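Asks: Here is how the chains run, residue by residue.
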Amino acid sequence: MSALLRQSRVLKLGGIIAVFAVALALPAISPDPATTNIAVFTMMYVGLATAWNIMGGYTGYISLGHAGFFGFGSYTLGLLLAHLGVAAGYTPFLLVPVAGLGTAVLAVAIGWFALRTRAATFVIVTIAFMFMLQLLAENLVGLTGGGGGLSFPVPPWGGDYFNTPYYYAMLALATLALAVSWRIRRSKFGLGLLAIRDDEDKALAVGVPTRAFKLTAFVVSAALVGMIGAVYGYYVTYIYPQFVIDPLIGISMVLMVFLGGLGTLSGPVLGALILEPTQLWLAYNFGATRLYLVLYAGVFLGVILLLPRGIVPSVMELIERRRARAGPSASTPAKVAAR
Amino acid sequence: MTLVLEAAVLGVLTGGVYALMASGLTLIFGVMRIINVGHGALVVLGAYLSFAASRSLGLDPFATLVITMPVMFLLGVLLQTVFIRPLKTDREALSVLVTYAIALGIEGLLGYFFTANYRQLHAWYDTASFPVGDFRVTYVYLFGFVLCLAILGAMFLFLYRTTFGASIRATMLNRTAAQLIGIDVDRVAAVAFGIGMATAAAGGVVFGITNAFNPGSHYDLISRLLTIIVLGGLGSLRGAVIAALIMLVSEDITSVVISPVWASFTFFVILIAVLIVRPQGLYGVRVRERL
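So the protein sequences, as listed, match chains A and B.
Numbering follows numbering that gives the first Met the number 0, in which position 89 of the first sequence is assigned residue number 88; successive positions increment by one, without gaps.
Numbering follows numbering that gives the first Met the number 0, in which position 40 of the second sequence is assigned residue number 39; successive positions increment by one, without gaps.
I should point out that these hints are in silico values taken from the structure, not numbers from a laboratory.
Everything numeric in this text was worked out from a predicted model, so none of it was measured.
Careful: at least some of the hints might be erroneous.
What the hints assert, rightly or not - Covered stretches of chain A (in silico footprint by chain B; criterion: 3 or more residues with CB under 8 Å from a CB of chain B, positions within the stretch not fixed):
no.	region
1	28-42
2	116-123
3	202-209
What the hints assert, rightly or not - To give an idea of the interface, some chain B residues facing chain A are shown, with a C-beta separation under 8 Å as derived from the structure:
no.	residue
4	L96
5	V131
6	V229
The beta carbon of each residue, even a glycine, is placed where N, CA and C say it ideally should be.
Work the whole structure out from these sequences, hints included.
Replies: So this is what it looks like as structure tokens:
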């Protein structure tokens, strides 16, 4: 093992620890609610983008319907709290995994149908399923409250502390998503997913159980999104179908992954850290008029047309080219470390 | 029984309108292999353009098509050239995002200029009706149906009876081969996108007379149109027309037999059935390559 590789590993690990420490200490560093509110949403999207990437990035199956799972998780927790009569406090957080489990079951069913199709048709089918869930949430009035919405118990804490528990819940889920994504990436399962992305028929031919792999990735990705949606519901304390099964939430996580780098581990995190504060800033300053949407669309188009491959892959390529120019011997470990 | 019959007739008439809109969408897919998620927004844009034109010029809504269809055609050529053509790698996924962004942009601009209030196009035929057996049909449905059928017919004539139409169909069949025999596929793609938008303008007028709409109405539209072209088979014009009729007739019948709130749900039920029985759609071909 070369010294260079060891050095880059230490640097990487140090970097990760430093970023994580800042994330942990954030509510103490900047306790004012305006900042922590942005932090909650940004951390939420870090988790959403990372979770989406497990399916979209690794297998190449673009789902535009993940907002459906987000909303489903939200509704599951809300209904659980209402029917079990759980009081506000920290207990609802403990029920978040149950919402994740519920979403996983739903994802098995949806994935079973949707994954009969590929590429373009799959994209369309995921959109359709999202709208189906929205319509169900609206029509099953007896269960969901329909268009009248669903209220969560309001937490007993307040003031500067109000956002903090949600922030840590989002941080925990984002960390979980990252850990899962990292683990998958380094496993044989992950290798199978990447093979599906590159050429599904060849992957099947060499013995990758493509159907089972795709479904597993889809369900894992959806369950994580569902849990994040559950925390979101408890945070905003009032949800209704169009608000929580919002196509814009679904497309935002996708855009973040594309901005950061599809199929990379750090890309979705980077994308979320850049785009969500931008989005919130636009919404805050131009939210009163619909101009906000136009500006967001502009950001959107700029990202895709200028950086179609995403930040992380573009930067990696740049570094590799530099190293290759500096000397062929140095380029090999860099390539390994880049993964 | 009369109610069901009435619903079926209404379904066929509105199905014609959806057939036109879905044809544009499937044509764009066929030529460029991109899913135009912005198609619903383009229909809504068409409705607003007609609304503005009929209000400021005092024109009949249908007459405004003389203006809006060419405008939308040119806008389509422009959008394709500026936003879709530059996509070189991973076109399929990126084009979804680009067209989604176009939809958001249009929604935002319409909201800015026209506010989020619901609008509707008005003409004498939006309430006047004529008798058909035991029930009455509002004129607008008949006019819309005839109009859309005429445009659809013109589109098919163009595609099947002209040289340029042949090059569009050739590009739909095999882009690379078309390029090899000297077809300017970029030009074909731009024109196809323009035609798609022109059909959206025409669909928009009928949609705007028969429905109250606001800038956010495109979500509902696009989920229907996308479901239709999946049922028909992506890239199949014939499939889109037949699927539109099937969908709208079932929707309208569900509306009277079960309940109007469950009408849209028919789309999803049919979609799931299609996914089980024939994932490639009615006229789609199962391809080995990643389509």
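Asks: Taking the hints in turn, state whether each one holds.
Replies: Checked hints:
1. A stretch counts as covered by a chain when three or more of its residues have a beta carbon under 8 Å from one of that chain; for the region 28-42 of chain A and chain B the count is 0, and the coverage is violated.
2. Residue count for the region 116-123 of chain A with a Cβ under 8 Å from a Cβ of chain B: 7. That meets the three needed, and the coverage hint holds.
3. Restraint check on the region 202-209 of chain A versus chain B: 0 residues with Cβ-Cβ distances below 8 Å, three needed, restraint violated.
4. Restraint check, L96(B) versus chain A: the minimum CB separation of about 5 Å is within 8 Å; hint holds.
5. With 8 Å as the threshold, the beta carbon of V131(B) stays out of range of chain A, its nearest partner Cβ sitting at about 31 Å, so the hint is violated.
6. Contact between V229(B) and chain A, as hinted, is supported at the beta carbon level, the nearest pair being about 5 Å apart and thus within 8 Å.
Violated hints for the displayed structure, listed by number in ascending order: 1, 3 and 5.
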